[in-house]
Amino acid sequence: MSQQRALSDHQPLSVCQHWVGYFYWRWLTLLHWFGVIGFAVMGSGVMGLSVSAPLLADEPYPSAGVTLVVPYGEGGATDVLLRAVAAQAQEYLEVPITTVNMPGGGAILGSQFVKGSAPDGYTLLGSHQTIDLSYLAGVTGYSHQAFAPVALLTRTVNIPATRAGQPVIGASDIKTLVNQQPAPLLFGVIPNSTDHFFWLHFFAEEGISAADVQFVHYPDTSAQVEALLGGELDFAMLNLPSAGRLFSAGALVPLGVASEGRLAALPHVPTLHEQGIALVNTTDRGLFAPLDTPPERLAVLAKVFEQALVEPALIQTLEKEHGSFVDFKALDAYGRYLEEQYQLLQTLASAIQFER
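Going left to right, the sequence shown walks through residues 1 to 356 as the working numbering numbers them.
Derived from the structure by calculation, the hints contain no laboratory data.
Careful, some of the hints might be misleading.
27 angstroms max Cα-Cα, derived DSS-like pairs, lysine-lysine [unchecked claim]:
| id | residue 1 | residue 2 |
| --- | --- | --- |
| 1 | Lys303 | Lys320 |
| 2 | Lys329 | Lys303 |
| 3 | Lys303 | Lys115 |
With the sequences and hints as input, model every part of the structure.
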């Protein structure tokens with residue numbers, strides 16, 4: 001397939017999805033602010049536009065459902081994992097946790113929505129390193145510090161993959177294929193997100209020039225899976241939540257796992273280290289709240305997710321089916337972890353020319 005076809009296939013779709021996501025975001029923003037206004041009017045008896053911290057402290061929490069914003073489409077790893085964990089957590093919270101997919105802008109639309117939401121404990125963002133990577137790439141003006149950390153939940157092992165029929169057996173074969181092809185091979189990425197960062201790191205380790213490949217932009221991982229299956233893409237960074245069944249069926253081919261050891265669900269797939277590639281890479285998913293959310297409400301949220309993540313059945317599902325490991329860190333501990341990881345990302349971003 002030619003480079004021209006790849007660009008013509010996906011640029012219009014990307015623009016369309018951008019505007020659909022934008023208007024969806026604006027619609028939800030209006031609903032959100034009408035809700036805040038109505039609540040203030042009923043709660044205070046005056047035409048106030050916000051809820052004061054003392055008023056929040058006097059209210060029972062939670063007294064309504066919690067919205068969990070996933071800044072990607074349905075079916076991707078972030079969506080699959082957070083829905084599974086939230087379903088268990090709401091049993092302890094005793095109010096619904098409603099997952100809302102808000103894709104667009106490389107996960108920026110969803111994070112902006114939560115960032116601008118009322119700090120009342122009823123709106124959460126489920127995300128990962130993409131918040132800081134977008135900042136380091138100069139795409140946004142805010143990092144994880146623009147949010148209140150609630151909890152780190154899971155770490156998911158990433159997997160470079162291709163479609164069936166490609167003349168590669170492992171990730172170590174990619175460099176040879178890149179050098180042999182007359183036209184650039186097509187690598188799917190969510191712009192400035194974890195997979196984009198993964199491939200740049202992979203290329204640096206393997207001595208592949210990014211100028212010799214073609215990045216094709218997608219709104220989320222599930223769109224890349226569809227493109228691989230349709231023969232419109234050569235490689236993508238996937239994981240078990242988004243592609244495990246397709247790996248089992250042989251429709252997609254895992255080329256290695258970016259972990260210290262092999263995954264139980266893919267025992268015959270070697271690690272990247274086994275293939276001579278010094279790269280360990282996980283996507284670390286956690287929960288964020290608007291800045292200035294009352295600490296006691298953050299503590300309630302962190303506690304119910306901690307309770308969820310000690311359930312044996314959920315742990316087994318996460319590890320065996322989704323290649324994800326529980327690594328629970330709450331509140332300040334998560335904040336310190338984010339700071340440490342940001343410093344590591346910043347150093348690596350500079351080395352691979354990823355930063356602004």
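We went through each hint and held it up to the structure:
Under the criterion of a C-alpha separation no larger than 27 angstroms, the hint pairing Lys303 with Lys320 is consistent with the structure, at around 24 angstroms. Pair hint Lys329 plus Lys303 holds up; C-alpha atoms about 11 angstroms apart against a cutoff of 27 angstroms. Distance hint between Lys303 and Lys115 is fulfilled; the C-alpha atoms sit about 22 angstroms from each other, no more than 27 angstroms.
Violated hints: none; the structure is consistent with every hint.
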